[in-house]
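Let's have the full structure, built from the sequences with the hints guiding it.
What follows is the residue order along each chain.
There are 2 protein chains.
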Amino acid sequence: MTDQHIQSAFDRDLEEIQADIMKMGGLVEDAIRKGVESLLTRNEEIAEEVRKNDARIDSLAEQINESAARVIALRAPTAVDLRLILSVIKISNNLERIGDYAKNIAKRTTVLAHMRPIDENIGALRRMASLVQSMLKDALDSYVQRDVEISENIIAVDQDVDQMYNSLFREYLTFMMEDPRNISACMHLHFIAKNLERMGDHITSISEQVVYLVTGERPDENRPKADTISLENHPQLNETSPPKSLGT
Amino acid sequence: MTDQHIQSAFDRDLEEIQADIMKMGGLVEDAIRKGVESLLTRNEEIAEEVRKNDARIDSLAEQINESAARVIALRAPTAVDLRLILSVIKISNNLERIGDYAKNIAKRTTVLAHMRPIDENIGALRRMASLVQSMLKDALDSYVQRDVEISENIIAVDQDVDQMYNSLFREYLTFMMEDPRNISACMHLHFIAKNLERMGDHITSISEQVVYLVTGERPDENRPKADTISLENHPQLNETSPPKSLGT
Numbered sequence: 011m012t013d014q015h016i017q018s019a020f021d022r023d024l025e026e027i028q029a030d031i032m033k034m035g036g037l038v039e040d041a042i043r044k045g046v047e048s049l050l051t052r053n054e055e056i057a058e059e060v061r062k063n064d065a066r067i068d069s070l071a072e073q074i075n076e077s078a079a080r081v082i083a084l085r086a087p088t089a090v091d092l093r094l095i096l097s098v099i100k101i102s103n104n105l106e107r108i109g110d111y112a113k114n115i116a117k118r119t120t121v122l123a124h125m126r127p128i129d130e131n132i133g134a135l136r137r138m139a140s141l142v143q144s145m146l147k148d149a150l151d152s153y154v155q156r157d158v159e160i161s162e163n164i165i166a167v168d169q170d171v172d173q174m175y176n177s178l179f180r181e182y183l184t185f186m187m188e189d190p191r192n193i194s195a196c197m198h199l200h201f202i203a204k205n206l207e208r209m210g211d212h213i214t215s216i217s218e219q220v221v222y223l224v225t226g227e228r229p230d231e232n233r234p235k236a237d238t239i240s241l242e243n244h245p246q247l248n249e250t251s252p253p254k255s256l257g258t
Numbered sequence: 011m012t013d014q015h016i017q018s019a020f021d022r023d024l025e026e027i028q029a030d031i032m033k034m035g036g037l038v039e040d041a042i043r044k045g046v047e048s049l050l051t052r053n054e055e056i057a058e059e060v061r062k063n064d065a066r067i068d069s070l071a072e073q074i075n076e077s078a079a080r081v082i083a084l085r086a087p088t089a090v091d092l093r094l095i096l097s098v099i100k101i102s103n104n105l106e107r108i109g110d111y112a113k114n115i116a117k118r119t120t121v122l123a124h125m126r127p128i129d130e131n132i133g134a135l136r137r138m139a140s141l142v143q144s145m146l147k148d149a150l151d152s153y154v155q156r157d158v159e160i161s162e163n164i165i166a167v168d169q170d171v172d173q174m175y176n177s178l179f180r181e182y183l184t185f186m187m188e189d190p191r192n193i194s195a196c197m198h199l200h201f202i203a204k205n206l207e208r209m210g211d212h213i214t215s216i217s218e219q220v221v222y223l224v225t226g227e228r229p230d231e232n233r234p235k236a237d238t239i240s241l242e243n244h245p246q247l248n249e250t251s252p253p254k255s256l257g258t
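Protein chains in written order, with the numbering used here: chain A, 11 to 258; chain B, 11 to 258.
Just so you know, the hints here were simulated from the structure itself, not pulled from any lab data.
Pairs of lysine-lysine residues, derived as BS3-like cross-links and limited to a Cα-Cα distance of at most 27 Å, are as follows:
hint	chain 1	residue 1	chain 2	residue 2
1	B	Lys147	B	Lys204
2	A	Lys62	B	Lys100
3	A	Lys44	B	Lys204
4	A	Lys62	B	Lys204
5	B	Lys62	A	Lys204
6	A	Lys100	B	Lys100
7	B	Lys62	B	Lys147
8	B	Lys44	B	Lys147
9	B	Lys44	A	Lys204
10	B	Lys100	A	Lys147
Structure (structure tokens):
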């Protein structure tokens, strides 16, 4: 962006705010990593740390929104620059929500640590979390670089996250049906998988912002979504329903 | 607000945007009402209508954010006015998310309509939805009137919503344990209850904004939360855990 024209006061302001976005992104990445680590190792101390750190993410979001508003008030940006600065508010909002989901994983970890462990496929949750983390890192890099190609790739990869969620959903259902004593733990694990799936949606939303900023066009609203499982009648688990989305 | 000083251009702009907020609020109230109605009457047509109407809510949110940014750019508001205009962006974001939850209820309705009905306590979901609807109406009224008392009352009432969610959670768990064929439907019903509970959180957030706008102080961060159930070890259902919150 800055190589397209001589750097203006607005550009400098925007870059400062974007630096805060990257800082916030780092904290959120950390929250996801530690949230999932606390779950996998049943470590309540790390979970507690994630819960506490969320306040820092929230206050950074607040700060970014106020800086953005100050820049708008001070610079009275043109339509294109206004779009840029509004994207900052949206992205900080996405990051804040991803942080909330990480905090929720940490909270459920604290609960699960006191429950009888079930023989669930913990590797699948780990893989899902890793994918979400790398998506977030790429999304923030491509935002700063205004890279449409990477952004479109992230939007496509989100389908893998949706499919991973679908598999886990089926798996937890079977665990619940096998033994009612698994129901409570599986409800929490299912919520954790759902949290990761929702993180993917917010990362996708960041990438869609990048595409919009660069091309001026919204990515296809009807992009394929792979979160189909919830529309099937699970107890049979063999019914073939038409693929539909159940995302919000 | 407008009786405190002669109405300025900024005040007129703000009032126009607030009118859009009220319009958006009306659409969201409608979405909740119809979403729950479609669930209770197993009416897929109404559910489809709710899903379609969500696009109007989303585009109104977009429009409000852009208007707010234009006003900031045009009027270069003072710190206090800036806080007012930023609250518009936050509240439209809260409303958009409540609309998303209503849409999700409608989507799950479409699924549940094809499942074997279970003997769940549909009255409880109806009561919970009614409470959420009246909270939303009060929250929007108290926002326009800058009424701290009503706002604080809403923040307190949200605890009832949390308690209703807790009761439903327990109820669905017992249904699942009684008969594994209930698991799939109960997962959807549980998500619907969770959606209503999350709506309550967003309405509370609107009320907290009002308190902040009027008093300049954030409501107590450590307000009591009644979403305690998820931290207990449900299968026993008789364990007494210390009340903690599991909200994001």
